[in-house]
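Using the sequences plus the hints, can you model the full thing?
Sequential numbering from 1 applies to the sequence shown in full-length UniProt numbering.
Hints listed in this document are in silico derivations from the structure and should not be mistaken for laboratory results. Careful: at least some of the hints might be erroneous.
Cross-link-like lysine-lysine pairs, in silico, DSS-like; alpha carbons within 27 Å at most [to be verified]: (1) 229 <-> 176; (2) 229 <-> 318; (3) 65 <-> 93.
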Amino acid sequence: MDIRLGIIFNGGGFSGAYSVGYIKAVYTFGLKPICCQGVSVGSLTGASYVEKNGNPEEAEQTWLKIEREGPHSIFPIIDIPRRIRKGGLFNNKGIYQLANRIDYAQLIKSPIRFDTIVYNETAEKQEIFSNRDQRCIDDHSILKKAIVASCSLRGFLDPIFITENFYSDGISFLIKPLAQMGCNVIFIFLNEPSDANTHTEEKWWLSRLLAGIHSMNNLLEDKEIESAKNTNHNIAVLDGIIKEINTFGIVKRFIFRKTFNRLRFTFEGKWPIELILFRPIESIPTLWSLGFEKGDIFCAIKNGYESGNLIIENFLRKFSIIAPI
Numbered sequence: 001m002d003i004r005l006g007i008i009f010n011g012g013g014f015s016g017a018y019s020v021g022y023i024k025a026v027y028t029f030g031l032k033p034i035c036c037q038g039v040s041v042g043s044l045t046g047a048s049y050v051e052k053n054g055n056p057e058e059a060e061q062t063w064l065k066i067e068r069e070g071p072h073s074i075f076p077i078i079d080i081p082r083r084i085r086k087g088g089l090f091n092n093k094g095i096y097q098l099a100n101r102i103d104y105a106q107l108i109k110s111p112i113r114f115d116t117i118v119y120n121e122t123a124e125k126q127e128i129f130s131n132r133d134q135r136c137i138d139d140h141s142i143l144k145k146a147i148v149a150s151c152s153l154r155g156f157l158d159p160i161f162i163t164e165n166f167y168s169d170g171i172s173f174l175i176k177p178l179a180q181m182g183c184n185v186i187f188i189f190l191n192e193p194s195d196a197n198t199h200t201e202e203k204w205w206l207s208r209l210l211a212g213i214h215s216m217n218n219l220l221e222d223k224e225i226e227s228a229k230n231t232n233h234n235i236a237v238l239d240g241i242i243k244e245i246n247t248f249g250i251v252k253r254f255i256f257r258k259t260f261n262r263l264r265f266t267f268e269g270k271w272p273i274e275l276i277l278f279r280p281i282e283s284i285p286t287l288w289s290l291g292f293e294k295g296d297i298f299c300a301i302k303n304g305y306e307s308g309n310l311i312i313e314n315f316l317r318k319f320s321i322i323a324p325i
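Rendered as structure tokens:
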């Protein structure tokens with residue numbers, strides 16, 4: 001199987017540290033994507049990874065720096081009373097400091113395409129900024145602002161003004177753009193176990209609010225994944241029908257193939273694709289969107305690496321692909 005890999009870096013606040021472990025596993029197996037997509041904090045991790053052309057070291061150092069400085073370096077709780085009438089409960093200073101660690105000239109030059117998903121608050125729709133966009137090539141600050149905007153959860157962090165519009169957190173990843181770019185395998189980095197236990201009634205109001213937002217995001221993500229799986233199924237059915245058509249006479253074959261090729265074109269992507277979902281082996285109870293305790297980030301990276309190794313090994317075995325370990 002000729003792997004044309006795409007990687008989606010999902011959000012999750014500080015839980016995004018798991019993704020660093022995933023990319024370390026990808027690097028260990030010698031796999032390199034042709035394109036990456038980031039949403040929310042995944043935009044920061046993904047951009048750092050793409051800037052270094054698939055080397056996870058800088059992304060890991062950034063996350064370990066976050067652990068050393070503590071959660072309040074990004075989300076200063078003490079600021080909340082002063083910002084009740086602002087665009088967000090927290091300012092974007094900490095996010096900008098992380099975004100400033102990225103070399104945008106190198107990100108633009110990277111052979112790996114990088115897209116960041118944002119939400120255009122003016123047009124009320126998702127939008128993509130890319131290191132292949134001419135506007136970002138001409139002005140690197142646009143891409144940096146887009147990455148900060150993608151991390152700026154609406155109501156929690158200030159929206160970011162780019163050219164003529166305000167932008168905020170991209171909400172959910174999009175699978176179709178990666179399929180359109182020719183990816184036949186897509187790794188989706190999810191940053192919580194499938195059996196994560198929330199117990200929101202035991203948490204303070206801010207974490208309960210985030211849990212509600214998180215649940216809605218999960219519904220959107222599940223819908224996106226299910227839609228891609230359905231498209232895969234429909235394409236497989238069409239391919240089966242086309243094989244049957246090949247047994248027809250030349251006139252019927254021409255008529256039916258033309259019809260089904262038109263149907264196939266409506267899917268607007270190079271399908272089918274293989275979706276591989278990455279989840280951590282187990283949760284870290286004190287690691288959540290806005291907080292963590294000492295050692296949590298390190299453990300999340302280690303957990304993500306172990307999970308990623310198992311997932312990739314099973315994927316390669318399924319397709320009888322031998323990769324270096």
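Any hints this thing doesn't respect? Which numbers, in order? none
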